Every structure is written in structure tokens, then in C-alpha cells.
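Chain A is fixed; fit chains B, C, D, E and F with the ligands onto it per the hints.
Residue numbers (this note's numbering), protein chains in the order written: chain A, 1 to 214; chain B, 215 to 428; chain C, 429 to 491; chain D, 492 to 741; chain E, 742 to 963; chain F, 964 to 1185.
Don't read these hints as lab results, they were simulated from the structure. Heads up, a few of these hints could be off.
[Unchecked claim] Here are the simulated DSS-like cross-link-like pairs (lysine-lysine), alpha carbons at most 30 Å apart as the crow flies: (1) LYS503/D x LYS726/D; (2) LYS503/D x LYS578/D; (3) LYS734/D x LYS665/D; (4) LYS503/D x LYS474/C; (5) LYS578/D x LYS511/D; (6) LYS511/D x LYS734/D; (7) LYS726/D x LYS477/C; (8) LYS665/D x LYS511/D; (9) LYS734/D x LYS578/D; (10) LYS726/D x LYS578/D; (11) LYS477/C x LYS734/D; (12) LYS734/D x LYS503/D; (13) LYS474/C x LYS734/D; (14) LYS665/D x LYS477/C; (15) LYS665/D x LYS474/C; (16) LYS665/D x LYS503/D; (17) LYS576/D x LYS511/D; (18) LYS726/D x LYS511/D; (19) LYS474/C x LYS726/D; (20) LYS477/C x LYS578/D; (21) LYS503/D x LYS477/C; (22) LYS474/C x LYS511/D.
Bear in mind the structure is a predicted one, so any value in this text is a computation, not a measurement.
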Amino acid sequence: MSLCLQARQLACERDDRWLFQGLDLDIRSGEIVRIEGPNGSGKTSLLKILSGQLSDYQGELFWNGAAMNDAREHFLANLLYLGHAPGIKSGLSPLENLAWYQALSGESNEESSGANGHEEQRLDALERVGLAGFEDVPAGQLSAGQQRRVALARLTLTPRALWVLDEPFTAIDRHGVADLERQLVAHAQSGGCVLVTTHHELTASPLLRRIALG
Amino acid sequence: MSLCLQARQLACERDDRWLFQGLDLDIRSGEIVRIEGPNGSGKTSLLKILSGQLSDYQGELFWNGAAMNDAREHFLANLLYLGHAPGIKSGLSPLENLAWYQALSGESNEESSGANGHEEQRLDALERVGLAGFEDVPAGQLSAGQQRRVALARLTLTPRALWVLDEPFTAIDRHGVADLERQLVAHAQSGGCVLVTTHHELTASPLLRRIALG
Amino acid sequence: MAFASFSEFLAMGGHAPYVWSAWGVTALLLLATVWHARAEQRLLLKGLKRRARRENSARGSAQ
Amino acid sequence: MWAFIHKLGSPKWFYTISAKLQPWFWAAAVLLLVVGSLWGLAFAPADYQQGNSFRIIYVHVPAAFLAQSIFISMAVSGLVFMVWKIKVADMAAAVMAPLGAAMTFVALFSGAVWGVPTWGTWWMWDARLTSMLILLFLYLGVIALRGAFTSRDSASRAASVLAMVGVINIPIIKYSVDWWYTLHQPASFTLTSRPAMPTEMWLPLVIMVLGFYSFFIALTLMRTRSEILRREANKRWVQDLVKGQVEETR
Amino acid sequence: MIAVKATLVRDLTLLLRRRGEVLNPLVFFALVITLFPIAISPDPELLAVIAPGLLWVAALLAALLSLDSLFRSDYDDGSLEQLLLAPQPLAALSLAKVAVHWLLTGLPLALMAPVLGIMLALPAGSYAILALSLALGTASLSLIGAIGAALTVGLARGGVLLSLLVLPLYIPVLIFGAGAVQAAILGDGVAAHLAILGALLAASLMLAPWAIAASLRISING
Amino acid sequence: MIAVKATLVRDLTLLLRRRGEVLNPLVFFALVITLFPIAISPDPELLAVIAPGLLWVAALLAALLSLDSLFRSDYDDGSLEQLLLAPQPLAALSLAKVAVHWLLTGLPLALMAPVLGIMLALPAGSYAILALSLALGTASLSLIGAIGAALTVGLARGGVLLSLLVLPLYIPVLIFGAGAVQAAILGDGVAAHLAILGALLAASLMLAPWAIAASLRISING
Ligand code: HEM
Ligand SMILES: Nc1ncnc2c1ncn2[C@@H]1O[C@H](COP(=O)(O)OP(=O)(O)OP(=O)(O)O)[C@@H](O)[C@H]1O
Ligand SMILES: Nc1ncnc2c1ncn2[C@@H]1O[C@H](COP(=O)(O)OP(=O)(O)OP(=O)(O)O)[C@@H](O)[C@H]1O
Ligand SMILES: [Mg+2]
Ligand SMILES: [Mg+2]
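So here's chain A without its partners, still in its complex pose (with noise of 0.2 Å):
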């Protein structure tokens, strides 16, 4: 299956300054692009537009061809995206979580053996992550880099075709890093894109493409 994000002339202006102006995008499967800019260059913004949650922009935005507002429900079964706030709710336990980003993804029970297949999968996501042992603490009493990385399971935990990332790595230690580069590699490599903005070096890769702004 052969995904592709276009953007054509893509605008965006905030407060009488254009972040960016004609932009011309195509993210399709096998690739990571990744966005590059200083501080306020509009990478934020760009990911907003791309992903369907700003609507203050011009220009036309493609799924497979067809234009963005046709294709819209199709495009979101295919989407993840993580931004700068981790979407973790401080009340509940790592696993509830996920519990809830699981069903929130449509996922229907009897595709692996009921709901227990469905526990045994969050708790494997939540091991990857390096937070066997956690599962059942309140999220709100784990340290900065743990938070995010319950908001990275979900990388593993939902297949989703199309990643977008802002600044994954943001509080996440050495050993994750590198973990985490790995897995958008092997992503990629099996068909899917991912789509990030970071300030961390990224380890050069065939795969990689780079988009700068600002």
C-alpha cells in the first residue's frame, strides 16, 4: 500500500509574517522527512496544517491523490501524531492510557483474541518503552522523560501508516534516542512514513530527507 501526502503552495501567516509561502510537499511511503528550522520557524505550525488541526492556511493539501476534505477520514485511519504536549492524562495509569488510545483508534475486539490479546499488547508497547514496572503507577508521578515515553508506545501499539512527531525526543534520555531512531528507520523501511521535527542530530540514513524552513 502506497501512501502519499501532497501539499501545493502551501502558505501560512502569523501576525502579518509569513512562516513559510509556496511551500510544495510530496511524503510518501519509505521516506522520513524531516523539517528543519530555528526556533519559530513554523515547524509547529507546518505539522499543524498538515495534520488537519489548523485550518488558518493557504494552499491545497492532497491524501492519494485526492484533495484533503474528501479524503479526510481515510487520512486520520492513517495518522499519528504526537505534539509538543504528550496527550498523557496525569489521573490515570500508563496502561488506562493506552486502554483509551486503543479504542480510540476503532480498533474492533475480535481482530486478536478478545480483550485480553488487546492488555497483553499494551503492556508489551509499555516494555519497549523501557516502562515495565510502571504500569500501574499514575502517570502524574512519573518523571518527564517516562511521560513521554507512554505517549511513544503508542508508536507500536496502533499500527498507523502516517507518523507525525514534534520533537519526539524531547526529554527522552541517551538509550531512548537511539531507540527511538531505530524504530522510525524500520518504520520506514516497511512502508510507512514518518514526518519530524527535531533539534537532535538524526544519524544519517538513505531514507532520510531533509525540508528546511525559516
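Relative to the frame of chain A, chains B, C, D, E and F with the ligands by itself:
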């Protein structure tokens, strides 16, 4: 003036798990001390204990040889703490945010040619962190990195000897990181001391000392 | 004409405070909105013109 | 069809066309208001029951009508803005709100003043007064909500949603307040059970109502034009227009 | 459907985990009701006359105040962004959240009101109607109020602005709710009042979810 | 002293920047007052009897609700941490914040109350006492309420919990405030009531700042 923050037999327990035990620390003028450790190893907890925000610990703290409880006032007058949250009001402009911090630090107006001199200082500080032109935009409309830069502007604005910085590089771009590192070294060289946690690799410096947790 | 004289008109048959305050507040508010709208327009145009003139002269000096 | 609607909604087009319309509405407003005021204040006969205090009707009723009409116009503009993304509609809605609130206040104030000679009290919880008061709160809500957002786009859309929700509620509120009033109160004084007015009293009222509406349209056109300039200050056509004016004055 | 159920379960868990907070609107209700005799007069005859109104106003305020937090914490921690990006209809998901709000606020308020009615010397025979009218009415209040909560979730001082937006819209519910109790006291038929409350609820059930969804999208945008 | 002044200026700027938000408590006050006749009865004779109590309760609620935001935004964005680490006495700094709160909430409420008194058919001759008692009383309310606000600032659903903590403490102020207005209506001497309100204010001015400072420290620690 030589400063010295000491901890003796420091221990902190969270949810029946010892984050650290029997920790002895000596932090003196002219040093950059980096606390290292993976996510959840207790770096933030340690900084909060050392800066007097968390009282849930065992062991003793000394400031210039005196017990912390007796020396708290002098200690606070020399401390600049930047935590995970930037402490910037989104409804106020960067200039107004800094004005408040300046007054909070108790600078008297006489020192530098009246209120006007202060305004100059604030503008300079903002320019030094690359926010020239954004002085009057409500801080809520700045990008993630720009908001953190407003907080970092305090480093040059209010002269304090002891800097306690929790992940100061979060969301800062490459240039900004290099600038900030230079600033830390300069501060240590001029007799200040810096206590910092970060997952970024710091360029080696003879002033740098590492303390590993977890 | 419902009144014999001007002073009778002003007296409004004993209801002067009511009639004139109601009419007065209404007139005041209507006039105030007009005044505000005009001031707003004038201020805006002034700002825009100043900007245009500055840009003009900037371009002029650059050439 | 689409092209036409969008042309209609183009700020530039609106700016030019409204320049032509505006003087006519101002002229009509001034003419009608002056004639209506003179007629109503000086020439209409006094009421046989209320005497001259009845002359308050000539500001009270037009203001009350306008207050309700403006809210409906605001909601319709909001709908147009949300459905067709026509920005001019939102600008018009934004400038209408304060005028609507002012008119509601005028209706309330003139009614309250009128109440003293006729009812002997400034205020009573009559159905119409109550629903007018609630209308004032609805206006204040829309204005406050618009002012609370920092992003203009969000402010516009939030205000539109609230205006639409409010306009659905206005008939419900009116109906329930009416019902509540008849439930509670013996109808000691009502606004409606007055004998039919003679023509000499009625005609100036019509003139005043028309005058108020012309005023509303003229003012809305004028302030929408300002709003267009404010929001489109960076657009090519505005800068050209201003440059033209600057050169003219040289 | 799974997502809707999961959202229901999640919000219930979150609220029940802090059992104290579920009680808060109830305690607020009780406290406001105790303020009135103190401020007005402890005379039972006077209180009996004004009791239906006071009970309804106090319950309405309690429901209103608890609304502010309906979407706020989701907004703050980024879950709301994720809710919007879910491939499920946002209207259904927000309806689930509103349902939880009513279950943990409106329903307990309705059940508790008769007890406070006793304190205000509410005449006997109107207790069942009081509870029923509150149960029906607070459901509409939750739905309408959620629109306001969604509109103000991104704003710093949402709390009081929310009241300003929402209170005028609450008036019909208040009229028919308090009217039902008064009719019950006077021995008039209450069927008409309750029928209208039901109609208001049906109308809000149809329209409010869409308005809530639209408002949430706006708030995320700004 | 500079820091105290700067905190005053900063908070004033923040609030005045959003002029609409200063009006919010006033509008809330007016709205709640509108609810009562609708819920109870529009009969002016009945309203006149209960007006002093209703006005005082509504003003108290308006002041209470605006309290929630007193420290919250400072807490959320980390400014409160910085306030605590400042070398100035925290009590003085928090007193500055409370003063701003009263200036922009309590004082306008007191000035607006007479207008609403007219609407509730409050007997003539008590209007000045109504405004005065509210001005004195709301100052105490702001001070006492700030303690509650400081204690609950770290909690997610503080709003309702705050009411719970603070309302019982408000009762003495309410008794003497509403009592003063009723005494004025009955033609009794109001001096005693006002004197007690003044004494309550003096006591809260002495004690509250320390309690606020201590509460803030507790909130930051958790
Ligand atoms: C604060 C007090 C008052 C308010 C808010 C108020 C409000 C209104 C409103 C909203 C209308 C327009 C109704 C419609 O759209 O059909 C109206 C009409 C009218 N009012 Fe008032 N009113 C007040 C006091 C009074 C008083 C004291 C009188 C005189 C006794 C009065 C006499 C009238 C008359 C004669 C009409 C036109 C009749 C009609 O169109 O039905 N009003 N008022
Ligand atoms: N308020 C709290 N209550 C209970 N436990 C907590 C609390 N805050 C932190 N902890 C626990 O203390 C441990 C250390 O947290 P801390 O925030 O100090 O880590 P850290 O080293 O700063 O990690 P990171 O690199 O992710 O910022 C974590 O495992 C966390 O679960
Ligand atoms: N809600 C908003 N309203 C107005 N302007 C905004 C808003 N959000 C962002 N901006 C402006 O848009 C510009 C780009 O912001 P954005 O968050 O996209 O930057 P970024 O590239 O993600 O920066 P960073 O590396 O710091 O995260 C900033 O200069 C900011 O001032
Ligand atoms: Mg960003
Ligand atoms: Mg940390």
C-alpha cells in the same frame, strides 16, 4: 566571593523506591556540575531538593557552611532556578514577563540609572536570546522554543551566582544550544556555579564535572 | 403642533425628566457610535498612510 | 453562482460597492430621524392616558425592534461566514455586536424611565423586559467571547457559533418567559393591551423605525469598511489604494 | 462505538478515582442552600415560598461550576488534540463525555435535592417532582453548558466567561424546572412542565453534540 | 517593596489587558440576580423582603468564583515556583495579588449592587449601606478566599473544592453584611454591623497573608 552548596547523606524515596541514597555533593564556584542519568532516575527530584522546593528527603544541606534552614535567605538571593515549566505568562509580552522577574529579584531602581536603564537591560537580554522583534508579542503566541528563550533571558538579566537548570536545552535549536553552552562556561569562569541536567551531550570543558544517578 | 409655547414643549406636560432623559440617552448613544466610527476610520487611514509614506520614502532612498 | 457569491464576499468588492451605498443610507437615516423626531416630539398629539410621557415610544420601540433584528443579522452573518467562509460577513457581525448591545441598552433604559410615570417603578419582571435583559446578556457574551481569543480566526468562528446557538434560543427564551409571566402575574399592566393608536401617533413611529434601520445599515457599512482596512492592511489592493490617496494629497 | 464506550469508561474512571471531586458539586449545592436562610431569614413560612426557586438556582449553579473542567484537563495535556484526530465522529465522543458529566453531577444533585428541600421547609408532596425535574433539567444543562465549556476551553480565565455565555441559555430550563415544583406545590398539573423539560432535552440532544464538536475544533485551532 | 509594587502592576496589567474579563464577575452577579425572580416569583413585594440576602449571596458567589484564577495561571506556567524562590517575603507578594483581586472584583461589585437592588425592588434608603457593606465585606472575602485558592491551586478540579473550603469561612461576613442592609431597611442602627465588618477585615488583613504564604508553599511542594 566563593560559594558552596553541600549535601550530606542525601536520600530520596519515591513510592517505596530509593531514587538515591547516601549522596554527598559539593558544588563550588567555578564549576559546572551535570547530573546524569536515564529517565526517571531522580534528576529533577534532586534539583528540587537542592533548591529547597521539595522537603520530602533525608540528609542535610549546607550553604556556605551553614545549615540550609538558617541560610535560606542568602541562598535564595543567590539562586536562579529554571524548571521543566518555563514560568512565562502567556498573556504578557516577553518584556513584561522579564520586568516582573527583574522586580521580583529585588533590584533597586537606583542601581542603574532608573527605570529606563532597566528597560534597556531587558531589551538587551531579549536580543541576546534572539528574540529581537518579539518583545511585545504575547508570549502565548510564541513557539515552544521561543517561550523557553524568554525564560533563558533571565540568566543574563538578573545576576545570580548559582544557576540550577533542569533541561535548559529543551526545544532550543542548534545555534541556541551552542550559545547557551558558551554562556554556562562563561558563568563558571567568572566565579558562578551551574547545576544542570540534560540529555544533550555537553562539549567537554575543564570546568565540567559529572554526577551520575540511577 | 401639540404645544402652545417652547417652554411648554420643554416641560412636556410635567414629564420632562422622563422624556428628555430617554431621548437624551438615545441621542447620545447614537451620536457616540457615529463619532466612534469616524474616529476609528480616521485613525486607521492615518496609520495606513503613514506606513505607505514610509515605504515610499524607503524605496525612494534605496534607489 | 459560486463565483458570484465569492465576488460578493470579496472584501475589495465590498469596499468599493459600500462606498457608493453608504451616503444614501446616511442621508436616509438623517432625514428620517430628524423628521420623525420633530414630528414625534412636537407635533404628535399627547396620549389621553399617559400624556406626554408617551413620546418615549418613538425611541423605545425602534430601539427594541433593532436590538432583536441585529442579533438575528449577526447570527445570519455568522452562518454565512461558517458555511461559505466569507470573511466580510464575519467583519459585519463583529461590528454589529456593540451596536446591538447599545440598542438593547437604549430599549431597557427608555423603558425603565418610561415605567416611572406609567407604572410607578423603574423595573418589574414583565415578560418582555425580562427577555430584553437576557438579550443584553447574550450580546455581552458574544462580545466577551470574541475579545477573549488571541487568534482572530478562532475568535470569529467562536462568536459565530455562539450567535447561532443564541439565535436558536431567543424564541425559546421568549416563549418560556411569556409563559412564565402569564403563570405568575395577574396582567396588571401589559404593553400590548393598549387601544389602537391614531394615525398621527403611529406614522412618526413608523418613520422613526425606518430611520433607526437606515442608521444601522449605514453605520454597519461604515464600520465594516474600517474593519476591512484593518484586517487587509497587508493586502496589495489596500496598499495601492492608500498609496493612491497619499499621492493625491501631495 | 468502542471508542465512545472507552471514552465513557475513561472519564468515569478518572472522576471516580478522585471520589472527593464527585462530591464537590453536591457539597457546593448544600452550602449554597445553607447560605440562604442565613442571609435572608430563618422563617420557615417565607422559606417555603421561595424554596423551589432557591433549590433550582443552587442546583443550576452547582452544575454550571463543575462544567468548567469538562474539557479543560484534556486540553491542557494534549488529549483533546488526539480526540480531534481520532477517526471517530467527534460529536459522539463528546456526547460520551457529557453523559459522564451528567451521571456524576446532575443525577446526584437530583437525588440529593429532596434532603435540602426538607431544610428549606419545602411543602410535602413536591419532593418526587423536584428530583424528577432536576434529573431531566440537569441533562439539558449539561448538554448546553458543554457548548460553552468547549468554546472557552482554550482561554485562560474561562470560568466566569463560561457562566456569562451559558446562563442566559439556561433560563428556559430554569423556568420550567422551578415551575414544575411550584405547580406540584399548588396541586396544579405538572405534566405540561415535565413534557416541556423533556422536549428541551430532546432538542439539546439533537443539536448540542454538533455545536460542541464545532466549538472544540475552534478551540484547538486558536 | 519594589517586588510588591511590580507584582501589583503585573497583575493589574494582566487583568486589564483583557478588559472583558474584569467585567465577568459583574456580569455573573447581574445574571445570578436575574435568575432569582425567574425561579422564585416576579412579585415585587416578595422580592423586596428577600433582596438583601439575595444580593449578598450573589455578590459572595461572584467574588468566590473569580478567586479560582487568582493563583492558578501562575501555578500552571511555573511563575509561582519563581515567586516562592524570590528573596522577598511571600506574604507581602501575595497581599499584592489579593489587593488587585479586590480592586477589580469586590469594589466594582459593591458599586454595581445598588442598580441590581432597584431591580429587586429593594426599599429606598438602604442603597448606600448596601454598597458600603459590600465594599468592606468583599475585602475580607478576597483575603479569606485567597487562602483557599492557595491551598487548592495544585489540584486539578480546584474550582468546586475551593468553594467547599471557603464558604464556611464566609458565613460571618455574610451574616453581618446582609444584616447591615436589613437593619438599614428597618431603620435600625447599622453602625454595629459595619463595625464588626471592619473588625473582620482588620483581622483578616493581619492573619490571611501568612496563611496564604504557607498554603502556597504547601501547594508547590506536592
Ligand atoms: C425596561 C423596560 C422596558 C423594556 C425592556 C421594554 C421592551 C420592549 C420591547 C422589547 C418591545 C418590542 C416588542 C416587539 O418586538 O414586539 C417593546 C415595545 C413596546 N413597549 Fe416597551 N419595554 C419597557 C417598558 C415599557 C413601558 C414602561 C411602556 C409604557 C407603558 C412600554 C410601552 C411599549 C409599547 C407601547 C411598545 C410597542 C407595542 C408593541 O409593539 O407591541 N414599554 N418594549
Ligand atoms: N510527585 C511525585 N510523586 C511520586 N513519585 C514521583 C513524583 N515525581 C517523580 N516521582 C518518581 O520519581 C522518579 C524520578 O523522577 P524525576 O522527575 O526526578 O526523574 P528525572 O531523572 O528528572 O527524569 P527525566 O529525565 O525523565 O526528567 C520517577 O520514577 C517518578 O516516578
Ligand atoms: N497561536 C498563535 N498565534 C499567533 N502566532 C503564533 C501562534 N502560534 C505560533 N505563532 C507564531 O508562529 C511562529 C512559528 O511558530 P511555531 O510554533 O510553528 O514554530 P516552531 O518552528 O515549531 O518553533 P520551535 O522550534 O520553537 O518549536 C512563531 O514566531 C510564533 O510567534
Ligand atoms: Mg514547535
Ligand atoms: Mg526531569
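We went through each hint and held it up to the structure:
| no. | hint | in the structure |
| --- | --- | --- |
| 1 | LYS503/D x LYS726/D | holds (10 Å) |
| 2 | LYS503/D x LYS578/D | holds (11 Å) |
| 3 | LYS734/D x LYS665/D | violated (51 Å) |
| 4 | LYS503/D x LYS474/C | holds (19 Å) |
| 5 | LYS578/D x LYS511/D | holds (20 Å) |
| 6 | LYS511/D x LYS734/D | holds (21 Å) |
| 7 | LYS726/D x LYS477/C | holds (14 Å) |
| 8 | LYS665/D x LYS511/D | violated (38 Å) |
| 9 | LYS734/D x LYS578/D | holds (24 Å) |
| 10 | LYS726/D x LYS578/D | holds (14 Å) |
| 11 | LYS477/C x LYS734/D | holds (7 Å) |
| 12 | LYS734/D x LYS503/D | holds (16 Å) |
| 13 | LYS474/C x LYS734/D | holds (12 Å) |
| 14 | LYS665/D x LYS477/C | violated (48 Å) |
| 15 | LYS665/D x LYS474/C | violated (45 Å) |
| 16 | LYS665/D x LYS503/D | violated (39 Å) |
| 17 | LYS576/D x LYS511/D | holds (25 Å) |
| 18 | LYS726/D x LYS511/D | holds (22 Å) |
| 19 | LYS474/C x LYS726/D | holds (17 Å) |
| 20 | LYS477/C x LYS578/D | holds (24 Å) |
| 21 | LYS503/D x LYS477/C | holds (18 Å) |
| 22 | LYS474/C x LYS511/D | holds (22 Å) |
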